[in-house]
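A.B. asks: The lines below spell out each chain.
2 protein chains.
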Amino acid sequence: MSLNKCLVSSPATVANLGCGFDIMGLAIQEPLDRIGVKLNSNREIRISEITGPEGHKLSFSPRENLMIHVLQCFTKKLGTKQGLDITLEKHVPLSSGMGSSAASSGGVLVAANALFDNPFNNDDLVTLAMEGEKFISGAWHADNVAPCIMGGLVVIPNYEPLSLVSCPFPEDLIVVVVHPHFELPTKEARAALPKEIPLGLAVKQWGHVAAYVSSFFLQDKNGLARYMEDFVIEPARAALIPGFYDVKNAALENGAIGCSIAGGGPSVFAFTFDQDQAETIASQMALAFKKHQIECDRFYSPINPNGCHLID
Amino acid sequence: MSLNKCLVSSPATVANLGCGFDIMGLAIQEPLDRIGVKLNSNREIRISEITGPEGHKLSFSPRENLMIHVLQCFTKKLGTKQGLDITLEKHVPLSSGMGSSAASSGGVLVAANALFDNPFNNDDLVTLAMEGEKFISGAWHADNVAPCIMGGLVVIPNYEPLSLVSCPFPEDLIVVVVHPHFELPTKEARAALPKEIPLGLAVKQWGHVAAYVSSFFLQDKNGLARYMEDFVIEPARAALIPGFYDVKNAALENGAIGCSIAGGGPSVFAFTFDQDQAETIASQMALAFKKHQIECDRFYSPINPNGCHLID
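Protein sequences, first through last, are from chains A and B. 4 is the number of the first residue of the first sequence in the working numbering; add one for each residue after it. 4 is the number of the first residue of the second sequence in the working numbering; add one for each residue after it.
One should not assume that every hint holds.
The list cannot tell twin chains apart, which means a pair is met if one copy fits it or any two copies do.
As the list claims (entries may be wrong) - Derived pair list, reagent style DSBU-like, types lysine-lysine, alpha-carbon separation capped at 35 angstroms:
| hint | residue 1 | residue 2 |
| --- | --- | --- |
| 1 | K198 | K137 |
| 2 | K80 | K224 |
| 3 | K41 | K80 |
| 4 | K41 | K79 |
| 5 | K198 | K294 |
| 6 | K60 | K198 |
| 7 | K224 | K294 |
| 8 | K137 | K8 |
These are calculated hints, taken from the structure and not from any lab test.
Please build the complete structure, drawing on both the sequences and the hints.
C.D. replies: So this is what it looks like as structure tokens:
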């Protein structure tokens, strides 16, 4: 080991992206967590410090903190009993639909991997990070951890075995995310979904998925606008987010090409190619939430091509 | 009108292509129908001649022949009462899953369009050709008519309004099609499908669709092999095709990267990149059918990039 401490920046992510429920996600530029991993002289993996605006919501307990859990999985896979101290500066809001748990698990794994001279590749790291997702929500899913670790836009078609497909994306595509100040736990968002859907609706959705993915490859802006629509998940979850359709309309009326729920919500994201309009879209979306007595944070940036990466 | 007769070659097509049920199809090089449209001096649209190995199965009656029906739609849309004589040399087997009705309607429309100096674009022609599909099976679908008219590989994500996305494909991809000698009407193939499917299965399928489409764009041969698998339709329809799994295994054991039902069946198609192996794959698939007392025709070719086109 050439270093005894590694610090990484780990981004928020948006999963589903409209019609691509559970199979795609992308990384954004902001908010970012900062996560450090340092060797210690005992055999314990522990949190030494949690700071940042969201930090006070997190536990230091190994039974509750997913970062300790994923590093235990990491050292077990590596076959070491080395003790590690974790520091976390938490900015990605919890239970927001912005991949907060993915930022924690992705970041701490990329930092530990760098500390041990990169024994694991992206597939390994994404698999380990899914242990964190399972720890938190009970479900294996990679649509936040994969883009968090790899950056860019990632399609995750398969879990047995895991497969990850990086897609191209227009560099001038701006992702606007508005985060309303209430929590929507992933479990609750999952519980709102239908157990079965009509075959015709499934076909309509996978037709959109096919054309949406094609539009990313073709850099077809009209196609992205036309095909991102989600016929299955958004209608089932919209009622969990007060004012959702007002927020969506505010985005579309102000130049967004599309708008839907970020991951399991309650954050709402929109796409635009009009850089000058991004601030207006974000503030009008926030204003629509405010009419429902909900305060918001807002973010906008191009897609983050890098994902987790070392700083310092 | 610069001509008073147009003759076109109109290809067989394979729809669904594994996981892409109802949303994608491609054109092949063989078999091909030859379809002529000629001005006549009365106001009638009629069939003047039907030849070819499959021709004897078709009716000359306006109430039964879809070519008359689609040309009636064509002339109505064009606002003319011009009479037309149709000739058909029918090679694409009927009720085979190889787009026989699409070859008839696509070909006759492309011929008529040329005769009238191309008043209609591909979207118009595909929409008109769907009138033929509806006439035959009761269902609007474009996954055969679109690739028949346009050539290549086409994704059809949407019908309201119709949208058509041409995808790239590897030039060395060989499509093997084996046509067993029994008919499976589209209506019967549709009746075998479940009305509802579990959401988890739908997600698994649209994950595959996303990665399958990506693999065509990336020319990723391993991806095509990995992601073409259909979890929903093939399992429901396999029982309608005696020996289907033996035929599929014969294809896979002889170098095919994947194999599934062509359209609504009973034809079975396979993909391979091994040109030398295509004949063996086709004959071994046919041999597997023969063990179930079913004779076959077999075809193999690269994807047909042209679709319907004028000959002479």
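A.B. asks: Does each hint fit the structure? Answer for all of them.
C.D. replies: Status of each hint after checking the structure:
1. Within a single copy, K198 and K137 get their C-alpha atoms as close as 20 angstroms, and across copies as close as 32 angstroms, so both meet the 35 angstroms cut-off.
2. In this assembly of identical chains, K80 and K224 lie within 35 angstroms of each other by CA distance solely across copies; the values are 31 angstroms between and 43 angstroms within a copy.
3. Taking the shortest alpha-carbon separations for K41 and K80, only the intra-copy value of 18 angstroms comes in at or below 35 angstroms, while the best inter-copy value is 74 angstroms.
4. In the homo-oligomer, the alpha carbons of K41 and K79 lie at most 35 angstroms apart inside one protomer (17 angstroms), although the nearest pairing across protomers, at 77 angstroms, exceeds that limit.
5. For a Cα distance limit of 35 angstroms, the shortest separation of K198 from K294 inside one copy, 33 angstroms, qualifies, whereas the shortest one across copies, 41 angstroms, does not.
6. For a Cα distance limit of 35 angstroms, the shortest separation of K60 from K198 inside one copy, 32 angstroms, qualifies, whereas the shortest one across copies, 45 angstroms, does not.
7. In this homomeric assembly, K224 and K294 come within 35 angstroms of each other (Cα to Cα) only inside a single copy, at 31 angstroms, whereas the closest approach across copies is 52 angstroms.
8. Only within a single protomer do K137 and K8 lie at most 35 angstroms apart by alpha-carbon distance; the minimum there is 27 angstroms, versus 67 angstroms between protomers.
When the structure is compared with the earlier hints, no violation turns up for any of them.
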